[in-house]
Amino acid sequence: MNQLGQEKESSLTFNYLPAAPPRPAVNILTPPEGSHINGDTWIKIEAAAANELGEEGLSCLFLEVEGIRMAEAGLPHTSINWLWETAGYDEGIITIRAVAADVLGQESSDQVSILLDRTPPGPVSLHEPFQGQSGVRLPVKFSWETAESLSPPRYRLQLAAAESGLGEEGVFNAPLLDIEDLPDNCYTLWDLPLQSGKRYLWRVQASDLAGNQGPWSEAREFRTYIPSGSGVSPGKGDGSGVVPSYQHENLNTTGQAAPKMDEETPGPETATEDMADMAGVKVFADLEPGHPAAEAILFLYNRGIVKGMGEGIFAPTLPLSRAQAVALLIKFPLETDRKGPPSPGTFEDLESGAWYTPAVKAAAGIGLLSGYEDNSFRPASPINGAEFAALLCRLENFVIKSLEVPANTGEALKEAELASGLREAVLNKTPPWAANSVAALIKRGIIGEKELAWFEPRQPLSRAEAAILLWKAYLYYQIDAS
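Taking the working numbering, the leading residue of the sequence shown gets 11, the next gets one more, and so forth.
Derived by calculation from the structure, the hints in this document are not laboratory data. Possibly wrong hints are sitting among the right ones.
[To be verified] Restricting the straight-line Cα-Cα distance to at most 30 angstroms, the calculated cross-link-like pairs of lysine-lysine (DSS-like) are:
{"#": "1", "residue 1": "Lys341", "residue 2": "Lys371"}
{"#": "2", "residue 1": "Lys460", "residue 2": "Lys439"}
{"#": "3", "residue 1": "Lys460", "residue 2": "Lys341"}
{"#": "4", "residue 1": "Lys460", "residue 2": "Lys151"}
{"#": "5", "residue 1": "Lys208", "residue 2": "Lys151"}
{"#": "6", "residue 1": "Lys439", "residue 2": "Lys151"}
{"#": "7", "residue 1": "Lys341", "residue 2": "Lys208"}
Treat the numbers as computed from the prediction; the structure is a model and nothing was measured.
Based on the sequences and whatever the hints tell you, model everything.
Right, here's the structure in full:
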């Protein structure tokens, strides 16, 4: 109403605006917060954004490193992947930031901090062989440790002869052994020929996955002792190599039939010229370096376990007799005070004075083997795969410093998730009394993928096949030859 008493209408106009949507959400997916980067490399940075306006609602999505915009997503993409090169950045805390904004100008961000540290692994401390240790025998077990590293360290091990007149760096200019990229802080040297009574130096260097190398450790010196007789001329057979009552024909190096031999038959002294080194030179005239069993036979030969059949011949394809098998096993380092299942001290068919009789009696005396129900041993009979597997499993109870082996092999097989195929075929052909033994050797890897292709539980085992299984058992049980 105005001053004249007249009424007048008036109105107010309101513009209704809906509530603004939430800010877009953005997250850095990689690298995670607190990551350690230990070298000049490429790091994947990944971020993703989401907002209620949909893909069209984003106006930008970008990445920053140390406050500098480095990469931007092409719209309408809601994620970004970028490789960041760490070279050129100083060591320390690096901040990575992802920023997203919508068409309304609303912005959000996420950030992570990572540590860039190019410090190489700390110095290596050597354990064994310790400084000045003498009487070190094959296998030589090296061990060491290093300070914590940003990534799992890798190691380089060098071994050199301590020659007089040469400084430490001088002897390592031409090392006898130089192994890189070792994943563990220990290494066992099995077969490098070392001279008895000679001094050797060893050292270790650590590096990380980025290639940053730490300093070499101080070199340590040790002196070896190689027992005489640890390597015997392959020109002479002995009890481990042949059964006199199991006659056979061999071929000599000229391809002509060789005479029938027993363990007393000496070979030519020139056979020592065929002795091998680790480069793969022939040990026996009938065993080429590329033979599938060559490495195993050389390993056992260097430890005095196998000697051959005489005349510089190994006869890899001949069946291994039961007496030969026992003679091989009894040469392993055994703790004879341990006792297995009781066995007779002798068997009805053991020949008095036969080369194998002492070995068979010794093995039976400690319970390593048992004979047949009629108290016979049948020394000249070929040993089959199942019988040999049973002996190898029993060996675990006697070898010095052997590994503990799970008793429930059936459960162990399930836990190992063994495939069907060859494994099942071998187990199906195994007689029930040897099933646990064969299954255990499969689980332990002594009968591995390659061995499954030829292992026949009910068929005679060849000398080459037996050598492979013995070699793998020696390594698995970590036998101490000292």
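So, against the hints stated earlier in the document, which numbers end up violated here? Those not satisfied come down to hint 6.
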